[in-house]
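A.B. asks: Just so you know, the sequences run in chain order A and B.
Heads up: the first sequence begins at 1 in my numbering, then just goes up one per residue.
Heads up: the second sequence begins at 1001 in my numbering, then just goes up one per residue.
Please keep in mind that the hints were generated in silico from the structure rather than gathered at the bench.
Pulled a few chain B residues facing chain A out of the computed Cβ check, cut under 10 angstroms:
hint	residue
1	1039
2	1066
3	1070
4	1091
5	1094
6	1095
7	1098
8	1106
9	1109
10	1112
For lysine-lysine, the following DSS-like pairs were computed, each having C-alpha atoms within a straight-line distance of at most 30 angstroms:
hint	chain 1	residue 1	chain 2	residue 2
11	B	1069	A	280
12	B	1069	A	51
13	A	49	B	1069
14	A	187	A	51
15	A	187	A	49
16	A	246	A	280
17	B	1057	B	1069
18	A	249	A	280
19	A	51	A	153
Quick reminder that beta carbons are idealized off the backbone N, C-alpha and C, glycines included.
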Amino acid sequence: MTQDAETLGTMLARRGFGRRSLLKFAIVMTSSLALPPSLAPVMADNLAKAKRQSVIWLSFQECTGCLETLLRSSAPTIDALIFDFISLDYQEALMASAGAAAELTLRQAVAANQGEYLLAIDGSVPLKDGGVYSLTGGRSNVSMLEEFAVGAKAILAIGTCAAYGGIPKAHPNPTGAVGVEDVISGKPIVNIPGCPPVPEVLSGVLVYFVSFGRLPDLDDRKRPLAYFGTTIHDQCYRRPFYDQGKFAKSFDDEGARQGWCLFELGCKGPTTHNACASLKWNNGTSFPIESGHGCIGCSEPDFWDQGGFYTSLAGGSAAGWRNAGIAAAVGLAGGAAAALSARSKSSRPPEDKP
Amino acid sequence: MRDFNFLADDGLVDAILSEIAGLLQTLITDGHSGSVDLLGLPLSASCLAALEQRLGKGEITAILTAAGKSEFRETSFAGIWWSSHADETGRVAAMLIEVALVPQILLADLDDMRSGHQRLLEATNFSRQRKSA
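Work out the full structure: start from the sequences and follow the hints.
C.D. replies: Have a look at this one:
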């Protein structure tokens, strides 16, 4: 049996994994994707029958941080096997070939998987001056994106740069950077923002796509609802202190030592949608707030231009801020607005399914 | 992480127990199993502990070792199972209340049985060939 014809179930059996392992994986993934537990056997069956999914990954105006975090995310578990099952047909930083050979690989992969491949993009797309600020093989990113989006079944915009322009788009945006959805229309696009994005979110999206042949439900910013449906603040273990009006005023005061809320130190948790507080980082070790630093809101559009990481959402900065009562009142209003916003996004119908 | 007890109220536990009771009724009358994803609910550690205490411990505990350890414990209510799935690093990746005769994952899979049967036949043939050689 050729590698391309092999199903995931066959591959797992060949490597010594029984169906229980696949069902367990499906139970974990349905929980992660906020799907009903009763869908786990269906997902396991679909995964067992699934063939290799072609992924063509293009890197544009980026720092390679997204790829780094995704590569270093997996423990040697069944998750890693799922990634083995993805046929990563083109990725410039990982592939051995270069130059004309790489160009040929790309052409062949696109031709062989026309209409079926997933196009993964990391990095923003510079548009100014004809897109000359980021070229691959002499071609502008925008030109490549427009060409290879045509044959894609769906597009994954990985990281905040690909999703919304990210840091390259920060004021004064010298290269005219934009996100994928500012260039491409009429194609299913899923944004997986974060600087870098949470690796498990990419796993979840890939598994959902391979299992059900379409993208998961998305919010109004095209992010997977299961992971971006609530704010960091809504899931934060420091939230009770916020509700009680107990805020750290500096990073080394008694409040900080007691684990009080970091709102006044600039935490952007109330307006940031992501899964950091539940999935955490480094195999579930912790997330920035648990390590004592506020959320910087890196999964939201234009996060770099939101007035400073240490300026509170209410407009003050802790060092000169004396009126904690006002802060708490404004913060509570902001939190309520953010929670309402999250709920309204959750209720929107899913968009752009292939 | 500290447990702030902020959602540890009896009302939440009662609501979950009520849902479980409904699932058990369905299992009894229609034979359909069901489950509740505990990690999908905003439960604090103390709330989980309260739920676990209310459900109590039954007679059976099963351990599954596949891609990490999973534990299935029947509660003091027959047909209601507390299932916990850890990954290979030991982190709990899924926690469910399953309402079923037995959690489905514990049942032997037909394809796995076919594969095992084939391996058994091959082993038997190999053994016969060795004896005759």
